[in-house]
Amino acid sequence: MSMKKQVTEGEEPVSPFAKLFSLPGLNVFNIVTFGFKIEVDPSTIVEGLKNTLINHPRFSSILLTGHGEGKEKAKWIPTIVKVEDHITVPDIDPFIENPDEFLENYTSKMALSPMDMSKPLWEFHLLKLKTSHAETVALARFHHSLGDGMSLMSLLLACTRKVCDPEAFPTFVAAKKNKEKNVCWSLVDWLWFIVRTMFHTCVEVIKALVFICFSGGIEKHITGKPGATLSTNKFIHQIIPLDDVKHVKNAMNVTVNDVLLGMVQAGLSRYLNQRYDLKTTSDARKALDKICLHGVVFFNLRPNKDIEDLANMMAKGSKCRWGNSIGYVLIPLWVKSEDDILEYVRHAKTIMDRKKYSLEPLFSYGLLKLTMEIFGLAAVRNLIKRVFGNTTMVFSNVVGPAEEISFFGHQISYFAASTFGIPQELIIGIQSYMDKIIINIAVDLDVIPDPHHLCKFIIESLSTMNSAASEKIFQASEV
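The sequence shown runs 1 to 479 under my numbering.
Because the hints were derived from the structure by calculation, they are not lab data. Possibly wrong hints are sitting among the right ones.
Pairs of lysine to aspartate or glutamate residues, derived as DMTMM-like cross-links and limited to a Cα-Cα distance of at most 25 angstroms, are as follows [unchecked claim]:
(1) 456 / 243
(2) 356 / 343
(3) 234 / 403
(4) 119 / 84
(5) 119 / 47
(6) 456 / 97
(7) 456 / 100
(8) 50 / 85
(9) 37 / 403
(10) 128 / 85
(11) 234 / 104
(12) 130 / 404
Label-pair ranges, simulated between beta-carbon atoms [claimed, not checked]:
(13) 187 / 376: 40 to 50 angstroms
(14) 187 / 375: 38 to 48 angstroms
(15) 409 / 113: 25 to 35 angstroms
Since the structure is predicted, the reported quantities are computational estimates derived from the model, not experimental observations. All C-beta atoms in this analysis are idealised placements derived from N, C-alpha and C, irrespective of residue type, glycine included.
Using the sequences and the accompanying hints, generate a full structural model.
Next comes the structure, spelled out in structure tokens:
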């Protein structure tokens with residue numbers, strides 16, 4: 001289970017985005033929760049990490065940021081890694097009364113604790129804690145300067161193997177192949193694709209610029225006090241059947257991502273109804289029609305977007321590049337009160353189809369990079385705070401392995417990923433794994449004091465969508 005070791009000779013420069021994510025007051029972390037079906041063996045995990053993770057140069061180097069150090073340049077300095085120093089095994093009462101709540105509180109405490117910058121910026125916490133979904137749990141924390149979520153997740157997946165075949169990498173749901181067309185129709189499709197891309201890019205980029213320039217006065221309705229930082233944080237996750245999502249997807253002829261985004265918007269709408277005590281439909285419609293909320297959705301910008309190829313990113317000749325290579329798009333959130341709950345899915349499909357045909361993700365990435373090169377890190381930090389400070393939610397959806405996998409011999413029941421440190425009060429990350437969908441929600445408790453209620457509304461919205469989809473299929477069959 002070893003990967004080919006890559007050796008770094010001498011110091012390496014730090015990328016601009018790595019500098020950005022390590023700025024004081026903007027330390028961003030990726031947090032991954034693994035639920036195992038068996039009791040975790042710390043010695044096996046340590047040995048496995050020695051043969052895999054630390055072979056990557058970023059995981060065996062110290063980050064010298066250069067902040068406040070005069071003209072000292074930021075750089076990665078190779079070092080000898082003692083894996084045991086990055087592993088924590090807390091002493092936990094095996095008869096603890098509420099293990100799920102303990103896990104949530106422990107995750108929050110770990111996220112808020114400072115990371116030792118004098119050693120490589122990653123750590124694992126192995127919890128001998130039986131929860132509702134796992135026999136034991138492992139928590140991993142990675143500084144965002146190491147790479148974006150897709151890079152880090154791909155490297156972790158490279159450490160896993162199929163349970164049914166211990167020598168094989170995980171497999172993922174294959175993308176559907178387009179039907180073959182003749183040359184004339186292919187040319188027409190290509191020209192139409194260019195026209196649509198140019199049109200949607202112009203429209204979406206202009207809308208994004210207008211939002212960035214003039215969104216300062218927008219009331220978010222789910223927001224902290226002006227200038228406030230994340231002082232309290234809470235991480236929760238729930239697991240739902242993937243088949244429920246696919247049922248709605250097939251009934252409406254949309255994508256899984258459309259259903260998930262529609263489900264989240266429907267749940268958020270119900271949450272706002274309760275929060276503002278809107279007891280009647282007419283009251284809810286009048287109040288929510290006045291609310292203008294926006295969300296941020298992340299896009300992977302690598303040329304090859306197949307996660308199975310990203311899992312082999314360390315292989316020689318890989319076309320996938322390491323680091324922070326993600327863009328974002330701004331989407332208006334549909335939280336108006338709807339009699340037909342499937343309307344949330346239709347709206348999500350309409351919005352995401354426009355975004356997919358635009359180059360807004362590339363524009364957002366280029367804007368951050370250009371601002372950094374011309375005006376410096378301080379200007380980029382202000383731009384990020386302006387974007388995330390005037391939006392309500394960050395949403396991401398990642399496709400996971402289709403078969404059961406193990407992490408150094410430990411069968412994985414589920415895994416969930418999230419981000420901490422960006423100026424945002426609501427972060428929803430959704431991860432698929434086998435026949436499951438894991439919903440991971442991170443909130444600022446000062447702004448959303450009841451995240452479990454929000455998660456409950458999101459899951460109940462999917463259940464209602466399932467019933468509506470079944471009725472739609474039944475009516476169609478009658479016709």
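**Item:** C-beta pair residue 187, residue 375: status relative to the range 38 to 48 angstroms that was hinted
**Value:** 43 angstroms, holds
**Prompt:** Holds or violated: are the alpha carbons of residue 37 and residue 403 at most 25 angstroms from each other?
**Reply:** 15 angstroms, holds
**Prompt:** Are residue 128 and residue 85 close enough, with their CA atoms no more than 25 angstroms apart?
**Reply:** 18 angstroms, holds
**Asked** Keeping to a limit of 25 angstroms between CA atoms, is the pair of residue 356 and residue 343 held or broken?
**Response** Holds, because 20 angstroms separates the two Cα atoms, which is no more than 25 angstroms.
**Asked** Can the restraint linking residue 119 and residue 47 be considered satisfied, given a maximum Cα separation of 25 angstroms?
**Response** 19 angstroms, holds
**Item:** residue 187 paired with residue 376, Cβ distance criterion 40 to 50 angstroms
**Value:** 46 angstroms, holds
**Prompt:** Going straight from one Cα to the other, do residue 50 and residue 85 come out at no more than 25 angstroms?
**Reply:** Holds, at roughly 12 angstroms.
**Request:** Given the hint that residue 130 pairs with residue 404, test it: the Cα-Cα distance must not exceed 25 angstroms.
**Result:** 20 angstroms, holds
**Prompt:** Holds or violated: are the alpha carbons of residue 456 and residue 100 at most 25 angstroms from each other?
**Reply:** 16 angstroms, holds
**Satisfaction of the hinted span 25 to 35 angstroms by the C-beta atoms belonging to residue 409 and residue 113** = With a Cβ separation near 29 angstroms, residue 409 and residue 113 satisfy 25 to 35 angstroms, so the hint holds.
**Message:** Does residue 104 sit within 25 angstroms of residue 234, going by the straight-line distance between their CA atoms?
**Reply:** 7 angstroms, holds
**Prompt:** Taken at face value, is the distance from the CA of residue 97 to the CA of residue 456 at most 25 angstroms?
**Reply:** 22 angstroms, holds
Violation of the numbered hints given earlier is confined to hint 3; every other hint is satisfied by the structure.
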